[in-house]
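Fit chain B to the supplied structure of chain A, relying on the hints for placement.
Protein chains: 2
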Amino acid sequence: MSVTAPQGFEAAGVSAGLKSTGKPDVAVIVNRGPRDTAAAVFTSNRAQANPIMWSKQAISDGSARAIVLNSGGANCFTGSFGFQTTHQTAERAAELLGIGAIDVLVCSTGLIGTGDETFRTRVLDGTERAIAALAADGGERAAAAIMTTDTVPKTAVRARDGWTIGGIAKGAGMLAPGLATMLVVLTTDADLTPEAADAQLRAATRTTFDRLDSDGAMSTNDQVTLLASGASGIVPEPDAFGEELQALCLDLAAQLMRDAEGASHDIRIEVVGAASEDDAVVVGRSVARNNLFKTAIFGNDPNWGRVLAAIGTTDAEFDPYDVDVTINGVRVCTQGGPDRPRDEVDLAPRDTHVLIDLRVGPDAATIMTNDLTHAYVHENSAYSS
Amino acid sequence: MSVTAPQGFEAAGVSAGLKSTGKPDVAVIVNRGPRDTAAAVFTSNRAQANPIMWSKQAISDGSARAIVLNSGGANCFTGSFGFQTTHQTAERAAELLGIGAIDVLVCSTGLIGTGDETFRTRVLDGTERAIAALAADGGERAAAAIMTTDTVPKTAVRARDGWTIGGIAKGAGMLAPGLATMLVVLTTDADLTPEAADAQLRAATRTTFDRLDSDGAMSTNDQVTLLASGASGIVPEPDAFGEELQALCLDLAAQLMRDAEGASHDIRIEVVGAASEDDAVVVGRSVARNNLFKTAIFGNDPNWGRVLAAIGTTDAEFDPYDVDVTINGVRVCTQGGPDRPRDEVDLAPRDTHVLIDLRVGPDAATIMTNDLTHAYVHENSAYSS
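Chains as they are written, first to last, in my numbering: chain A, 16 to 400; chain B, 16 to 400.
Treat each hint with caution, since some may be false.
If several chains are the same, the list does not tell them apart, and a pair holds so long as it fits within one copy or across any two.
Unchecked claim - Restricting the straight-line Cα-Cα distance to at most 20 Å, the calculated cross-link-like pairs of lysine to any residue (SDA-like) are:
hint	residue 1	residue 2
1	K38	V375
2	K71	P335
3	K71	D334
4	K38	E143
5	K71	Y336
6	K38	A148
7	K34	T166
8	K34	E132
9	K71	E210
10	K38	D293
What the hints contain is simulated information worked out from the structure, not anything from laboratory work.
Model, not experiment: these values are computed from the prediction.
Just chain A, same shape as in the assembly (with noise of 0.2 Å):
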């Protein structure tokens, strides 16, 4: 059910042409309320694309009726031809649903310079026949049409107190996120006031999309947004509320990982003993983007150096000749030497923790990443996106 679970929302996917396979492609979500109010946050990365320039705008006001999201196409780098098309898209979609263009998101995801009169003329078709198609169990619907090279469908649901959350993602390259990520959409039927909704969602994506980091790309259309219909009429316990999103986000997070392109191992950087959650985190991007890493873990070879010469670029508070490298459990490197022989790890399961203790105070983080394989360089050389 997905984005379709909490109450007052109805969702569709169709396809509109714009992927060549003919997999959906265009997806609508709507929030018949009663209350309208919804957060976004977007990517940090400055080249923007029209749709999140467009969404900035009409979120402003902490409210919107509806999400029009497509793929195979990013309308990004496409002139203000590609801005009307986005704006054309909501003026759409209001007019057929009755409220106005400014209560409409858009979203797209697909190949940067794509937005042409096609792209423009099938995304208007599919937004016109997704919102014919609106249906009270459309999420997973919905969910299939945002894809791109994902190779599944990422859902995710949670329920207490009477309310609940839904979520769908889409992402699966260019997955580094700044202050958002990938596109995501989170519907709550929880009575939400847009400050209360804001400050949750931001809390909420801060310790999961933004502690993704799969290779290090950064992308231009990256989209979270929470839309809330207080149709359970229950003004959630902040605290219970704030633990279930999280929850659903890191849940929806690790489903990206997952199915990130060609990786072969989902690989969790724990920095432990850090002075500062900051420090944890920087210590454990500088790993996760390091091409040397990543590909020694694709090899099954448990090569702590690479590790201690990736955290070294960092500032982070610590001495390089005193921290320790734990790999799936075995203590490879105590305090800058060689501990544990490397044949003692096994690096053969899919899942791979590596634990990281600078030694130097309290703070912790956790950053996700991938392997870098032979699969991620032919399917990023072999198709555009």
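Showing chain B alone in chain A's frame:
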């Protein structure tokens, strides 16, 4: 002739058993004077190998008589035992050469964490045998002895106004210098003071080795050393010497780029129209480190969207919607929008030129990098380094 082309130098390269292949792995280069001027720049990685720590101390007085280099082991993160190995290497060389240990620099390269008793015995033995084999034409043998995953030795010589500069370099992976890069030894018979040598070396490396970023992974063992014998008796005109030293460093840097692990394209990312040289470097490096751009070039795909997505992550001064991108002479993006069709770009040649015009100022810089290929993944997953 490489490092023995200038007057006053002897060199040797021998096999000491550090490489399992039996290939040469210990090199010694000696400056017979009359001058003993020396300067060096070192990796800015905070994770520094034992020979880096030693050489920084040894060169602090601006003089050195000899340099011992080994491949087959980085002697990094090998604790105080490893530091003693480096110290003993300098002492052994000094004793045999009749000089002070503080006038002997040491460089190591190979697998991080390698530096046990066997390593020590072989390095000391190799040092002895190399010193016994020192010859006025030993430069090529020294160049071969410092190779790791390099497929060819890298050497260069330039002469002018009665003085000569020679150089050797190694490095094919973990190739993203900070303040220094790889292992490089430069020799000259020009008469230089320590201050002049230091200034010339820093100026030359800043725009050559420092602009090479093959795989974004910074080494723990990088060192570029300049030894000046003064044997020509000529104090060079500073600008002329600077020009030749820069040209020689650029030549060696280009050789490193061409031999980078698994690469199929040598890519020059030329950034022009920048508000400052620093901005140009930041923008060029962001593209050089973007795995999606690198895989696209491997796939002969002139994917300018990935170029813009990469530079959008920087804080350099520019408007993403006023940037031009030209790939191998074809302007595929003008002012942040599509220009010439992608299929006009011929990416079959190994030499690839990406020109990014930020259109905000007069400054420029060129970053040298490579594509990301199956062979890179294979080499770095199948072999430890």
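Status of each hint after checking the structure:
1. Taking identical chains as interchangeable, the C-alpha atoms of K38 and V375 are never at most 20 Å apart, the minima being 52 Å within one chain and 43 Å between chains.
2. For the identical chains of this complex, K71 and P335 are inter-copy neighbours only, at 17 Å across copies versus 42 Å inside a copy, given an alpha-carbon limit of 20 Å.
3. In this homomeric assembly, K71 and D334 come within 20 Å of each other (Cα to Cα) only across copies, at 18 Å, whereas the closest approach inside a single copy is 42 Å.
4. When the C-alpha separation of K38 and E143 is checked against a cutoff of 20 Å, the pair qualifies only within one copy, where the shortest distance is 17 Å, while the shortest distance between copies is 70 Å.
5. In this homomeric assembly, K71 and Y336 come within 20 Å of each other (Cα to Cα) only across copies, at 18 Å, whereas the closest approach inside a single copy is 46 Å.
6. When the C-alpha separation of K38 and A148 is checked against a cutoff of 20 Å, the pair qualifies only within one copy, where the shortest distance is 16 Å, while the shortest distance between copies is 70 Å.
7. In the homo-oligomer, the alpha carbons of K34 and T166 lie at most 20 Å apart inside one protomer (15 Å), although the nearest pairing across protomers, at 44 Å, exceeds that limit.
8. Taking the closest pair of Cα atoms, K34 and E132 come within 20 Å of each other only inside a single copy of the chain (15 Å); across copies the shortest separation is 61 Å, beyond that limit.
9. Taking the shortest Cα distances, K71 and E210 sit within 20 Å of each other inside one copy (16 Å), while across copies they are farther apart (55 Å).
10. For the homomeric pair K38 and D293, neither the shortest alpha-carbon distance inside one copy (41 Å) nor that between copies (45 Å) is at most 20 Å.
Hints 1, 10 from the list above are not met by this structure, while the remaining hints are.
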